[in-house]
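**Student:** Chain residues, written in single-letter form:
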Amino acid sequence: MSTSISVSGLVKNFGQVRALDGLDLEVATGEVHGFLGPNGAGKTTTIRVLLGLLRHDAGSASLLGGDPWSEATELHRRLAYVPGDVMLWPNLTGGEVIDLLGRLRGGLDSEKKARLLEQFDLDPTKKGRTYSKGNRQKVALVAALASNVELLILDEPTAGLDPLMEAQFRACIEEDRDNGRTVLLASHILAEVEALCDRISIVRKGKTVESGTLAQLRHLTRTTIIAELGSDPAPVAAVPGVHDLRLHDHRVEFEVDSDRLADVVRTLAPLGVRSLVSHPPTLEELFMRHYEDGEIRQ
Amino acid sequence: MSTFTGTGKLTRFILRRERLRLGVWVSILALVPIATANAFIGLYPDEASRQGLAATVASSPALTSLLGPLYDSSIGGLTTWRSGTLGAFIVALMAVLTMIRHTREEEETGRRELLGSTVLGRNAPLAAALTVTVGAGVVLGAILTAGLVGVGLPLEGSLAFGLGFLGVTVAFAGVGALAAQFTEAASTARGLAVGAAGFAFLLRMGGDSGGESLEWMSWLSPIGWFSRLRPFAGEEWWVLALWVFLGATTILAAIAIASRRDVGAGAFPPRPGPADAGAGLGSALGLAWRLHRGSVFAWTAGLAVLGGVYGGAADSVGDMLEGNPQLREIFEQLGGEQGLTDAFFSAAVGIIAIVTSAYAIRAILRLQVEEEGLRAEPILATATPRVGWAWSHLLFGILGPVLILAVAGLVSGATYGAITGDVAGQAARVLGAAVVQVPAVWVLSGTAMALYGLAPSRTGLSWGVLVLSLILGQLGQILQFPQWTLNLSPFSHVPLFPAEGLEVLPLAILVAISAVLVGVGLAAFRRRDVASG
Numbered sequence: 026m027s028t029s030i031s032v033s034g035l036v037k038n039f040g041q042v043r044a045l046d047g048l049d050l051e052v053a054t055g056e057v058h059g060f061l062g063p064n065g066a067g068k069t070t071t072i073r074v075l076l077g078l079l080r081h082d083a084g085s086a087s088l089l090g091g092d093p094w095s096e097a098t099e100l101h102r103r104l105a106y107v108p109g110d111v112m113l114w115p116n117l118t119g120g121e122v123i124d125l126l127g128r129l130r131g132g133l134d135s136e137k138k139a140r141l142l143e144q145f146d147l148d149p150t151k152k153g154r155t156y157s158k159g160n161r162q163k164v165a166l167v168a169a170l171a172s173n174v175e176l177l178i179l180d181e182p183t184a185g186l187d188p189l190m191e192a193q194f195r196a197c198i199e200e201d202r203d204n205g206r207t208v209l210l211a212s213h214i215l216a217e218v219e220a221l222c223d224r225i226s227i228v229r230k231g232k233t234v235e236s237g238t239l240a241q242l243r244h245l246t247r248t249t250i251i252a253e254l255g256s257d258p259a260p261v262a263a264v265p266g267v268h269d270l271r272l273h274d275h276r277v278e279f280e281v282d283s284d285r286l287a288d289v290v291r292t293l294a295p296l297g298v299r300s301l302v303s304h305p306p307t308l309e310e311l312f313m314r315h316y317e318d319g320e321i322r323q
Numbered sequence: 003m004s005t006f007t008g009t010g011k012l013t014r015f016i017l018r019r020e021r022l023r024l025g026v027w028v029s030i031l032a033l034v035p036i037a038t039a040n041a042f043i044g045l046y047p048d049e050a051s052r053q054g055l056a057a058t059v060a061s062s063p064a065l066t067s068l069l070g071p072l073y074d075s076s077i078g079g080l081t082t083w084r085s086g087t088l089g090a091f092i093v094a095l096m097a098v099l100t101m102i103r104h105t106r107e108e109e110e111t112g113r114r115e116l117l118g119s120t121v122l123g124r125n126a127p128l129a130a131a132l133t134v135t136v137g138a139g140v141v142l143g144a145i146l147t148a149g150l151v152g153v154g155l156p157l158e159g160s161l162a163f164g165l166g167f168l169g170v171t172v173a174f175a176g177v178g179a180l181a182a183q184f185t186e187a188a189s190t191a192r193g194l195a196v197g198a199a200g201f202a203f204l205l206r207m208g209g210d211s212g213g214e215s216l217e218w219m220s221w222l223s224p225i226g227w228f229s230r231l232r233p234f235a236g237e238e239w240w241v242l243a244l245w246v247f248l249g250a251t252t253i254l255a256a257i258a259i260a261s262r263r264d265v266g267a268g269a270f271p272p273r274p275g276p277a278d279a280g281a282g283l284g285s286a287l288g289l290a291w292r293l294h295r296g297s298v299f300a301w302t303a304g305l306a307v308l309g310g311v312y313g314g315a316a317d318s319v320g321d322m323l324e325g326n327p328q329l330r331e332i333f334e335q336l337g338g339e340q341g342l343t344d345a346f347f348s349a350a351v352g353i354i355a356i357v358t359s360a361y362a363i364r365a366i367l368r369l370q371v372e373e374e375g376l377r378a379e380p381i382l383a384t385a386t387p388r389v390g391w392a393w394s395h396l397l398f399g400i401l402g403p404v405l406i407l408a409v410a411g412l413v414s415g416a417t418y419g420a421i422t423g424d425v426a427g428q429a430a431r432v433l434g435a436a437v438v439q440v441p442a443v444w445v446l447s448g449t450a451m452a453l454y455g456l457a458p459s460r461t462g463l464s465w466g467v468l469v470l471s472l473i474l475g476q477l478g479q480i481l482q483f484p485q486w487t488l489n490l491s492p493f494s495h496v497p498l499f500p501a502e503g504l505e506v507l508p509l510a511i512l513v514a515i516s517a518v519l520v521g522v523g524l525a526a527f528r529r530r531d532v533a534s535g
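One line per chain: the protein sequences are A and B, in this order. Counting along the first sequence from 1, when you hit position 219 you're at 244 in my numbering, and nothing is skipped either side. Counting along the second sequence from 1, when you hit position 225 you're at 227 in my numbering, and nothing is skipped either side.
The reader is advised that the hints may include incorrect statements.
As the list claims (entries may be wrong) - Residues from chain A shown here face chain B by an in silico Cβ test under 8 Å; the list is partial:
(1) 78
(2) 108
(3) 120
(4) 121
(5) 124
Unchecked claim - Distance windows between CB atoms, simulated:
(6) B:483 with A:34: 53 to 59 Å
(7) B:111 with A:146: 53 to 59 Å
(8) B:120 with A:41: 39 to 45 Å
(9) B:421 with A:98: 52 to 58 Å
(10) A:92 with B:120: 51 to 57 Å
(11) A:223 with B:299: 48 to 54 Å
(12) A:34 with B:506: 52 to 58 Å
(13) A:292 with B:533: 56 to 62 Å
(14) A:80 with B:390: 16 to 22 Å
(15) A:99 with B:483: 52 to 58 Å
These aren't lab readings, by the way, just hints derived from the structure by calculation. Positions of the beta carbon are idealized from the N, C-alpha and C atoms, including for glycine.
Same shape as in the complex, but just chain A:
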């Protein structure tokens, strides 16, 4: 399997501030890769290095097999980018901007443009200055999705979209993935990444703290169990790997390290289980854990 984006040990300083501090990122061709982190973690800076807008201070970055700085122009023919803050020219209509950006990239699928305009309920005859933030975002999204490119780089593309439009966006990305497009999706919206992404990289303070498939990351984390028991649940507390145990009469709620799950089930069985709910951690919990742990460790 080939690689579309390969970044290792990336460092970028803005004066005294170190925005990227040895960041790693691998995006395989054909996958939707979630690039997850809180504001200021270095997601946008990484993307801007990949687009040749910023020069990195150390480490290496490769984009579609080329150097993002020196081969920027040729590489940009093969990708489309949606910035987090979309600003439009006040006197150009949305439709004009979509066509312009498509033509500057290397072609626009005008049928797809028409379909996307309908899907996103966007009026292309309005002037740039009259669009709301969400509609500016839609202009950039339609321009990117309708372009004939192999890689999409999206920086928090749904900020400002309503839930209905967010669903449309997900449908579009799923369709693109089925057509073999590679997508790098920077986001802090966990549900979106969870729903769309094959693999995820979590960044914090300019460093990658975790990278892998959702399944792999879950492996590292705890499962939440809620059970109603026929007898005293005290023995559960003694099982190694059980955390945050809460008791309400015969109802017990706790978290357990995933590799200790078998021991817990064995302990629960003789206690007369009346009901049992077990769910894997949501990305939300995963995310919080990494950052909370990070804070504690410091």
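Let chain A serve as the given structure and place chain B on it in line with the hints.
**Tutor:** Below, chain B without anything else, positioned relative to chain A:
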């Protein structure tokens, strides 16, 4: 609740936000005339030297066109001529910009909506902005009057000077309030109002450039009224009423429009545009053309009008020297009647070239406006190379001045030729005079580009270079600066063609300097990070 409820509170709030900005405007606008009066006292202590200066000014239509007529050779008269009209123009800018910032811009950004939901009358924001702006005019007028009296000038003239600046403030506060009503975008309102101030300045430039036949143009200009108030030269106090009348009518019109429209809306609703881009909008250059074409045409038209005015005034140059045989002799040594008009045209195109440089700097700094407005990023993330994107705007800063100067020169020469019956010949002469200015304008284009590439936070310096060139070129000799400082301006190296021969070497050096500056700017821009806003 009255429509003005809350004006007082809002006024204090605006003052709180404006104290630094307005403080800077007012102190500079007050200090320059006072310092100028002080400088004149030192430089021209006796009546004879002042009369010599007055004669030079009177013989230079270009100087009176730029700075207004000189009505009296006293220190006060000289100060009024030197700093009054230009100052009045800048006062007009202060007034319109302050008004628009606190009316339309507040509406556009939505802050007005937030305030509007509190106990606030519909007209309170307009009234508060007006109070602050006119208040700034009152403070400015008071400081000026006191300062001019302080350096020893007569009270009456000092008071007229101060009240004149207040009058301009009142009139243009109204113009700003009215412009803010028309469109939803603050930038368009600003363009309208600054354009109105610029047009008023151009009108009086025309009116002050020649004999009495053109003076009616200055009477149509609220900036031209400042000289007509005649501070220190037999004050015509009734002129103050003109400003008050203009201010009152524009403000009443603004209130009338405001009470008929929705908050946030303009008097002209935005129109829909095409859903698809035309064939021309497919490259960085195509985009740049869309962004620049309006301003190229506007500047070309504006300066062509000014050129035409100069062309019309040129014929009266000879008459103006009738009463000054000494100067007439000097000019005749330069080539008689033709030499006289050639010298006039050299000076006139010098002024047009300075104004053109302002266009050139603006066109090139559009790069920075685009970059900081985050509109460069989406373009640079396409297959557009950085240097190609930079050139798409750079072209307008390089070829735009050629177009503007050529058209202005042609119109100017043709107008003069139409009067003297030699359209083709005079059009060619003045076209030549205008086009030789191009390399000097390019030095300023290059300066802006070099700063943009090397130090984007310092691009404001290019305006400093322009102002310096203006001061050195127009006033350096009058204020008796040493020659080496005069040589700092690129415009002092332009040959006085066609009055003198066409020297190629200085032009070639100016072109070379411009090329190096542009090259340095491009190379630096290729290497640096693109701003992230």
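**Student:** Look at each hint and say if it fits the structure.
**Tutor:** Tested hints:
no., hint, in the structure
1, 78, "4 Å, holds"
2, 108, "6 Å, holds"
3, 120, "4 Å, holds"
4, 121, "4 Å, holds"
5, 124, "3 Å, holds"
6, B:483 with A:34: 53 to 59 Å, "58 Å, holds"
7, B:111 with A:146: 53 to 59 Å, "26 Å, violated"
8, B:120 with A:41: 39 to 45 Å, "42 Å, holds"
9, B:421 with A:98: 52 to 58 Å, "55 Å, holds"
10, A:92 with B:120: 51 to 57 Å, "56 Å, holds"
11, A:223 with B:299: 48 to 54 Å, "53 Å, holds"
12, A:34 with B:506: 52 to 58 Å, "57 Å, holds"
13, A:292 with B:533: 56 to 62 Å, "60 Å, holds"
14, A:80 with B:390: 16 to 22 Å, "19 Å, holds"
15, A:99 with B:483: 52 to 58 Å, "54 Å, holds"
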